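With these hints in hand, go ahead and build the complete structure from the sequences.
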Amino acid sequence: GQSLEQPSEVTAVEGAIVQINCTYQTSGFYGLSWYQQHDGGAPTFLSYNALDGLEETGRFSSFLSRSDSYGYLLLQELQMKDSASYFCAVSESNDYKLSFGAGTTVTVRA
Amino acid sequence: DTEVTQTPKHLVMGMTNKKSLKCEQHMGHRAMYWYKQKAKKPPELMFVYSYEKLSINESVPSRFSPECPNSSLLNLHLHALQPEDSALYLCASSRQGGTGELFFGEGSRLTVL
Chain A
1 GQSLEQPSEV
11 TAVEGAIVQI
21 NCTYQTSGFY
31 GLSWYQQHDG
41 GAPTFLSYNA
51 LDGLEETGRF
61 SSFLSRSDSY
71 GYLLLQELQM
81 KDSASYFCAV
91 SESNDYKLSF
101 GAGTTVTVRA
Chain B
1001 DTEVTQTPKH
1011 LVMGMTNKKS
1021 LKCEQHMGHR
1031 AMYWYKQKAK
1041 KPPELMFVYS
1051 YEKLSINESV
1061 PSRFSPECPN
1071 SSLLNLHLHA
1081 LQPEDSALYL
1091 CASSRQGGTG
1101 ELFFGEGSRL
1111 TVL
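Same order as they appear, the protein sequences are chains A and B. Quick note on the working numbering: the first sequence kicks off at 1 and runs consecutively. Quick note on the working numbering: the second sequence kicks off at 1001 and runs consecutively.
Some hints here could point you the wrong way.
[Claimed, not checked] In silico lysine to any residue, SDA-like type, Cα no more than 25 Å apart, as pairs: (1) 1041(B) / 78(A); (2) 1019(B) / 1054(B); (3) 97(A) / 1037(B).
[Unchecked claim] Counterexamples of contact, computed for chain B against chain A with all Cβ distances above 12 Å: (4) 1015; (5) 1024; (6) 1028; (7) 1071; (8) 1072; (9) 1079; (10) 1084; (11) 1086.
[To be verified] If you only want the chain A side, here are some residues facing chain B, beta carbon under 8 Å, derived: (12) 30; (13) 31; (14) 42; (15) 45; (16) 48; (17) 89; (18) 91; (19) 93; (20) 94; (21) 95; (22) 97; (23) 98; (24) 100.
For the record, the hints were derived by calculation from the structure and aren't laboratory data. Being a predicted model, the structure only gives us computed values, none of them experimental. C-beta atoms are modelled at their ideal positions from N, C-alpha and C, and glycine is treated no differently.
Structure representation (structure tokens):
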């Protein structure tokens, strides 16, 4: 089986930096993805890491350490619109199966 | 066109009804997915079609029946559902497997009475 762990909730103020950690235990590992989902909306792809290291896309960055079975999503210069649920997801192989973590609710306060 | 379109957005049905959810994408993606999502929970994979063939069925009850008429369309036929099947049903597509990048539709919110 597989399991992914991430914090259930994070609260921060506008302009702050938030790091959402994700640890995983899977029978196989191909890559780690991150998705954002606003209330009532569709999950939206943010990033994908297959190799160790940091990937930066604007205010959001994602990191992977395969040896530690660990990754994180870094949200910088937080804005109110970043209030959403964030899911890490693992691809265990190069097939089409993507398994999601339970999600982290990020609340940004003024 | 980078959209996945789902219809209907909302559906209310009785336990004896038969209904269908529809999904369409025009991005040339060869994989299409059905996910089920309950409130405050992550999406759960139900089915995957790759190149119009069913490649993954996550032991979904037979009251859910997927169909892929062509590479752009994906249906989910519903029959004799239970109230606990009430959820958001999300369709997604991807270029290929293993990239972790899925494009999701806005979902069909299903209520079973």
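- Double-check residue 98(A) for me: the hint is only fine if its C-beta lies closer than 8 Å to a C-beta in chain B. holds (6 Å)
- Check the non-interface label on residue 1079(B): least C-beta distance to chain A beyond 12 Å or not. At about 25 Å from chain A, residue 1079(B) clears the 12 Å cut-off, so the statement holds.
- May I ask you to check that residue 1086(B) keeps its beta-carbon over 12 Å from the closest beta-carbon of chain A? holds (16 Å)
- Task: Measure nothing beyond the straight line between the CA atoms of residue 97(A) and residue 1037(B); if it is 25 Å or shorter, mark the hint as holding.
- Result: holds (16 Å)
- Query: Would the hint on residue 42(A) stand, with a C-beta cut-off of 8 Å toward chain B?
  - Reply: Where the cut-off is 8 Å and the nearest Cβ of chain B is about 4 Å from residue 42(A), the hint holds.
- Message: Checking hints one by one. Is residue 97(A) an interface residue toward chain B, by the C-beta closer than 8 Å rule?
- Response: holds (6 Å)
- Message: residue 30(A) was flagged as interface toward chain B. Is the shortest Cβ-Cβ separation under 8 Å?
- Response: holds (5 Å)
- Item | Satisfaction of the residue 100(A) interface hint, Cβ to chain B closer than 8 Å | Holds, about 4 Å.
- Message: Confirm or reject: residue 1072(B) is not an interface residue toward chain A, with every Cβ-Cβ distance exceeding 12 Å.
- Response: holds (17 Å)
- Message: Interface hint check: residue 93(A), Cβ to nearest Cβ on chain B, cutoff 8 Å. Holds or violated?
- Response: Interface hint status for residue 93(A): holds (7 Å vs cutoff 8 Å).
- Assertion that residue 1015(B) lies outside the chain A interface [Cβ separation over 12 Å]: The claim stands: residue 1015(B) keeps its Cβ more than 12 Å from every Cβ of chain A (closest is about 26 Å).
- Query: Would the hint on residue 31(A) stand, with a C-beta cut-off of 8 Å toward chain B?
  - Reply: holds (5 Å)
Hint compliance for this structure: no hint is broken.
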